[in-house]
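Build the full structure now, drawing on both the sequences and the hints.
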Amino acid sequence: MCGIVGCILKNKEQVAPILLDCISKLEYRGYDSIGIATFDENINIKKDKGKIKEVDSKLDLGDMDGSYGIAHVRWATHGDPSKINSHPQTDEDNAIAVVHNGIIENYSSIKEQLENEGHVFKSDTDTEVIPHLVQKFMDEGLNLEGAVRKTTEIIHGAYAMAVISKDEPNKIVATRKDSPLIVGLGEDGYFVASDSPAILKYANNIIYPERGEFVILEENGVTIKDENGNVIDKDVETIDWTPEMAEKEGYDYFMIKEINEQATAVRNTLTERNNIQKIIDDLEDINRICFVACGTSYHASLTGKYLLESLAGIPTDVILASEFKYSTNTLNEHTLVIFISQSGETADTLKALDVANESSQTLGIVNVAGSSMTRRAKYVIQTQAGPEIGVAATKTYLSQLTAIYIFAALMGKNEELLEKLNKVPSYIDELLKDADVVKEIAKIYNVNRDGENVNDFFFIGRGYSYPVALEGALKLKEITYIHGEGYAAGELKHGPLALIDEDIPVVVVLPPGENHRKTMSNLEEVKSRGAKVLAIGASNDKDLISKSDDVFIINPEVDDIIAPLVYIVPLQLLSYYVAIERDLNPDQPKNLAKCVTVE
Numbered sequence: 001m002c003g004i005v006g007c008i009l010k011n012k013e014q015v016a017p018i019l020l021d022c023i024s025k026l027e028y029r030g031y032d033s034i035g036i037a038t039f040d041e042n043i044n045i046k047k048d049k050g051k052i053k054e055v056d057s058k059l060d061l062g063d064m065d066g067s068y069g070i071a072h073v074r075w076a077t078h079g080d081p082s083k084i085n086s087h088p089q090t091d092e093d094n095a096i097a098v099v100h101n102g103i104i105e106n107y108s109s110i111k112e113q114l115e116n117e118g119h120v121f122k123s124d125t126d127t128e129v130i131p132h133l134v135q136k137f138m139d140e141g142l143n144l145e146g147a148v149r150k151t152t153e154i155i156h157g158a159y160a161m162a163v164i165s166k167d168e169p170n171k172i173v174a175t176r177k178d179s180p181l182i183v184g185l186g187e188d189g190y191f192v193a194s195d196s197p198a199i200l201k202y203a204n205n206i207i208y209p210e211r212g213e214f215v216i217l218e219e220n221g222v223t224i225k226d227e228n229g230n231v232i233d234k235d236v237e238t239i240d241w242t243p244e245m246a247e248k249e250g251y252d253y254f255m256i257k258e259i260n261e262q263a264t265a266v267r268n269t270l271t272e273r274n275n276i277q278k279i280i281d282d283l284e285d286i287n288r289i290c291f292v293a294c295g296t297s298y299h300a301s302l303t304g305k306y307l308l309e310s311l312a313g314i315p316t317d318v319i320l321a322s323e324f325k326y327s328t329n330t331l332n333e334h335t336l337v338i339f340i341s342q343s344g345e346t347a348d349t350l351k352a353l354d355v356a357n358e359s360s361q362t363l364g365i366v367n368v369a370g371s372s373m374t375r376r377a378k379y380v381i382q383t384q385a386g387p388e389i390g391v392a393a394t395k396t397y398l399s400q401l402t403a404i405y406i407f408a409a410l411m412g413k414n415e416e417l418l419e420k421l422n423k424v425p426s427y428i429d430e431l432l433k434d435a436d437v438v439k440e441i442a443k444i445y446n447v448n449r450d451g452e453n454v455n456d457f458f459f460i461g462r463g464y465s466y467p468v469a470l471e472g473a474l475k476l477k478e479i480t481y482i483h484g485e486g487y488a489a490g491e492l493k494h495g496p497l498a499l500i501d502e503d504i505p506v507v508v509v510l511p512p513g514e515n516h517r518k519t520m521s522n523l524e525e526v527k528s529r530g531a532k533v534l535a536i537g538a539s540n541d542k543d544l545i546s547k548s549d550d551v552f553i554i555n556p557e558v559d560d561i562i563a564p565l566v567y568i569v570p571l572q573l574l575s576y577y578v579a580i581e582r583d584l585n586p587d588q589p590k591n592l593a594k595c596v597t598v599e
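Under this note's numbering, the first residue of the sequence shown is numbered 1, with each subsequent residue one higher.
Derived by calculation from the structure, the hints in this document are not laboratory data.
All figures in this text were calculated on a predicted structure; none of them were measured in a lab.
Glycine included, each C-beta is placed from N, C-alpha and C at the ideal position.
Possibly wrong hints are sitting among the right ones.
Straight-line C-alpha distance at most 27 angstroms; calculated DSS-like pairs for lysine-lysine [to be verified]: (1) Lys477 x Lys49; (2) Lys278 x Lys378; (3) Lys234 x Lys351; (4) Lys518 x Lys547; (5) Lys166 x Lys225; (6) Lys177 x Lys136; (7) Lys443 x Lys477; (8) Lys83 x Lys136; (9) Lys122 x Lys49.
Across the chosen pairs, the derived CB separations fall in these ranges [unchecked claim]: (10) Lys547 x Glu284: 49 to 55 angstroms; (11) Lys278 x Glu419: 16 to 22 angstroms; (12) Asn332 x Lys278: 19 to 25 angstroms.
Structural data, given as structure tokens:
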């Protein structure tokens with residue numbers, strides 16, 4: 001969740017404006033405070049709770065002396081959001097400064113021991129034990145690198161950290177365990193960061209340190225060492241994302257920009273067909289598939305279950321990553337476990353991947369090249385969505401779905417589906433031309449019949465449309481804070497129907513196909529109980545149009561099997577425009593972060 005940046009410049013210019021610019025690119029990760037530390041004879045720190053613009057206007061974060069330093073956006077886990085709990089954290093003498101992403105699980109016992117030794121703590125954070133430990137070990141004679149290394153032998157948990165010391169100028173030491181960290185090699189300096197969008201403007205040549213490796217940034221270069229202190233050579237990868245790809249480019253918010261980029265994301269991901277075929281050719285004796293994912297990726301996985309079982313006849317399970325450990329006894333060498341993650345750094349998904357690697361074939365579907373998942377899964381499908389900044393997944397969801405569709409069609413040798421997939425980008429482009437229709441619908445469904453804000457929504461669908469209903473409900477919850485529930489339409493009579501009344505709108509996902517008649521019956525069922533019905537269906541579906549209160553219509557060529565790739569778009573737009581009606585920021589929903597790097 002938290003984001004860290006470190007930079008050391010070759011030209012001795014002021015680093016603070018660059019750190020501020022870089023850390024601003026990590027706002028999407030979710031945060032409640034901001035802080036920067038630079039070095040110029042002493043460690044200088046400016047930090048406080050609040051959004052970057054608010055804190056910057058108060059403290060002028062870019063006006064700090066020093067040609068190297070570290071920065072942080074914090075998401076509170078230990079200690080409330082406050083100036084004292086913000087990062088960077090220091091020891092009591094302000095000789096060491098640390099930024100940290102993750103959780104130190106045994107901080108309490110470490111803190112107690114250090115206090116018994118005379119150390120004085122100022123914050124309620126778990127992070128503060130790190131600078132105290134580093135300073136303790138430096139006082140005992142270790143250099144900064146050695147002190148950080150010894151500190152990591154004591155602390156338990158997930159972390160990525162960057163550390164500076166006033167006693168070793170012009171040096172940043174960084175390391176990681178489970179939390180993400182990258183190294184950037186730029187013309188004017190060297191960087192560490194939680195994610196590439198932070199530094200793309202300054203460096204697109206990237207090194208990906210593994211768990212337990214140490215990074216030493218100095219004016220004359222970068223050194224990577226293994227856990228035993230040996231210098232190691234690392235591959236340098238060039239990221240072809242441009243800095244402009246991570247900007248809004250005239251859109252009000254990243255979310256609407258990324259919704260409008262979905263046709264391109266699908267087109268680009270369709271080019272992965274040959275790579276996916278090679279993976280399938282290499283798989284042998286697979287008689288079971290298991291998807292493991294969280295959130296939006298879980299909904300993409302549910303669609304994958306329907307596809308693989310119907311097209312390839314392979315029994316397929318879908319398991320939440322956080323629940324995966326309860327199913328590990330069923331894995332064997334004939335099981336393919338598919339892990340899906342936008343970032344490739346989702347903590348519980350990575351932990352499940354490590355377990356599955358011990359007994360099964362593993363495949364990662366991931367958007368970020370060089371991420372932990374790409375290095376730890378046996379096979380990788382790289383989705384081609386480009387950087388996604390908005391917290392609510394949109395184009396990465398569709399690119400995940402596209403990869404799953406290609407995989408299932410090739411596994412089932414279904415050329416007809418592959419041909420249909422090639423038309424999906426044009427269907428999406430066509431649909432987005434009518435986005436203003438959804439904008440007007442959002443105004444209607446934002447309030448109830450009494451003009452008060454709607455507090456509840458239902459989304460229903462059958463078959464391939466059931467995961468679409470789930471994802472539509474999740475998007476609404478994420479960015480509008482409206483309680484939304486997605487249900488298989490056939491489940492209404494088994495409990496949810498008791499909640500239906502005139503104050504709860506029902507969104508019905510109803511493409512043409514074999515489930516149409518039964519879902520129409522469910523539509524009439526909720527309408528007879530007073531619910532206001534918004535239907536998403538085909539433009540030639542006169543029955544649907546006549547029996548719904550409002551309709552968003554889609555090209556009738558989009559049948560039920562490819563509907564998940566198209567019908568989700570108006571639901572994304574609905575959530576976006578309702579958020580705008582409520583004067584909410586859809587890019588930064590409360591309590592959520594783009595990348596969940598702790599369990």
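### Message
Next pair to validate is Lys177 with Lys136; report whether the Cα-Cα distance is within 27 angstroms.
### Response
holds, 22 angstroms
### Query
Going straight from one Cα to the other, do Lys83 and Lys136 come out at no more than 27 angstroms?
holds, 25 angstroms
### Query
Are the Cα positions of Lys122 and Lys49 separated by 27 angstroms at most?
holds, 16 angstroms
### Task
For the range 49 to 55 angstroms, tell me whether the beta carbons of Lys547 and Glu284 fit it or not.
holds, 51 angstroms
### Query
CA of Lys443 to CA of Lys477, is that 27 angstroms or under?
Status holds; Cα separation ~17 angstroms.
### Lys234 paired with Lys351 [C-alpha distance capped at 27 angstroms]
Holds, at about 24 angstroms.
### Query
Has the given pair, Lys477 with Lys49, been kept, meaning a C-alpha gap of at most 27 angstroms?
Holds - the C-alpha atoms of Lys49 and Lys477 are around 26 angstroms apart, at most 27 angstroms.
### Task
For Asn332 and Lys278, compare the CB-CB distance with the range 19 to 25 angstroms and indicate the outcome.
holds, 24 angstroms
### Query
Honestly, do Lys278 and Glu419 meet the 16 to 22 angstroms range at C-beta?
holds, 21 angstroms
### Query
Are the Cα positions of Lys278 and Lys378 separated by 27 angstroms at most?
Judged against 27 angstroms, a Cα distance of about 13 angstroms means the pair holds.
### Task
For the pair supplied as a hint, Lys518 and Lys547, confirm whether the alpha-carbon distance does not exceed 27 angstroms.
Satisfied, since the Cα-Cα distance of roughly 14 angstroms is no more than 27 angstroms.
#### Entry: Proposed proximity, Lys225 with Lys166 (alpha carbon, max 27 angstroms)
holds, 22 angstroms
Checked against the numbered hints above, the structure breaks none of them.
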